[in-house]
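Student: Sequence:
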Amino acid sequence: MLSETDILQAVRQHIAERGEASKVGLPVSGEITWHSLLEGTVVRCMETRTEDERIHRGRLDLSGRPQYDRLRRHPLAPPQDLSVATTHKLVQRGSVKEESCPCGNGKVTCSRCQGRGDLPCAATTSCSDCRGIDACLRCDGTGHRIRKAPEEHRQAADERATCKQCGAAEAACATCRGRGHAMCSTCRGGGTRECPNCDGAGTEPHKRCAGTGHTVTWTEGIINRQPRTEKIKWPESGLPYVARQHAREYGDWRKTFLTHKDSVPDGLEADFKALLKPRLKPRDGEIAREADVRYLPLARVVVPEHRHRVYYVYPGPTSLQVFILPSPQRTWQIAATVLGALAVLYLLSRLLS
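Numbering (this note's numbering), first residue to last: 303 to 655.
Hints in this document: simulated from the structure, not taken from any laboratory.
Cβ atoms here follow ideal geometry from the backbone N, Cα and C, with glycine treated the same way.
Just to be clear, a hint being listed does not mean it is correct.
30 Å max Cα-Cα, derived DSS-like pairs, lysine-lysine [as the list claims (entries may be wrong)]:
| no. | residue 1 | residue 2 |
| --- | --- | --- |
| 1 | K557 | K575 |
| 2 | K579 | K563 |
| 3 | K563 | K583 |
| 4 | K466 | K533 |
Taking CB as the label site, the calculated pair distances span [to be verified]:
| no. | residue 1 | residue 2 | range |
| --- | --- | --- | --- |
| 5 | D420 | E461 | 48 to 58 Å |
| 6 | R372 | A503 | 21 to 31 Å |
| 7 | I357 | W555 | 53 to 63 Å |
| 8 | L364 | P580 | 43 to 53 Å |
| 9 | L541 | E322 | 23 to 33 Å |
| 10 | A576 | I357 | 27 to 37 Å |
| 11 | G327 | L653 | 42 to 52 Å |
Please build the complete structure, drawing on both the sequences and the hints.
Tutor: Structure representation (structure tokens):
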């Protein structure tokens, strides 16, 4: 564990190496604030167990599926890779029932045609052109000439044909020839059409067995395992980003990898233990856990000789690393100076324009 003496000595050595000892002097004391940096991930395997009543339409061999008696107590080995989601489907022992469907052969009477195989259909339909209204300008489709001559307001723009009903020339609709209707294209005038539901058979597949005449029912147990990854970053705020990045790159981090079977090592620093233990607490539904974390102690130092600086000190691979940032007050002074200069330049540009 770093001591305050080690921290101040590292700051003094850094000032001396920068050639600033003659200007600002070497500090003999300082205000030290400790930060414990903790980073890493915790991967948890979260398990849920559910049961469902299942039905299969037709024959099904379930002998190859694992069986269970009580799903909550069914043993299942922890996963080898916690980051991979898995689903295990099991069959409750004694729940499988293979039955012949009451329908017999998988067919039931067609619900639409009631077993007839056909449906009523209109033998004729209205003419698509005259709609039966202007079938013939002399007989109106009756076959009897009830008019002496076509009325001018009923004359059509298209060419008229000879009426097949009354024989009047140039009086009938060219499409239906005076009949006012056409034969139904579906039933060809027969008055019935094939039932589209059963294709004329009068029967349709039974919905319960899907036409197989057989069903298999069972109780299915599902064990679902999903990974949940938690990112660890401590402290979440309060430390300048550039200082943390510098520590990430040059710090000598203490690393550890723990599973749900491992306890926190006794050799870890007390601060590290205090941060790590609550993050390793089991969650509801958790069956396995892996934690890959690292830890670095970092000291924030402000010395009386130059309070416009903040020194950040942390262990490096071979020696203590020192990183300097302007103090918050210094940062505000620099910002105010820059804003003042920009304001002056703006006013000058306005005066010269």
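Student: Which earlier hints turn out false for this structure, listed by number in ascending order?
Tutor: Of the numbered hints given earlier, those the structure breaks are 4, 5, 6 and 10, listed in rising order.
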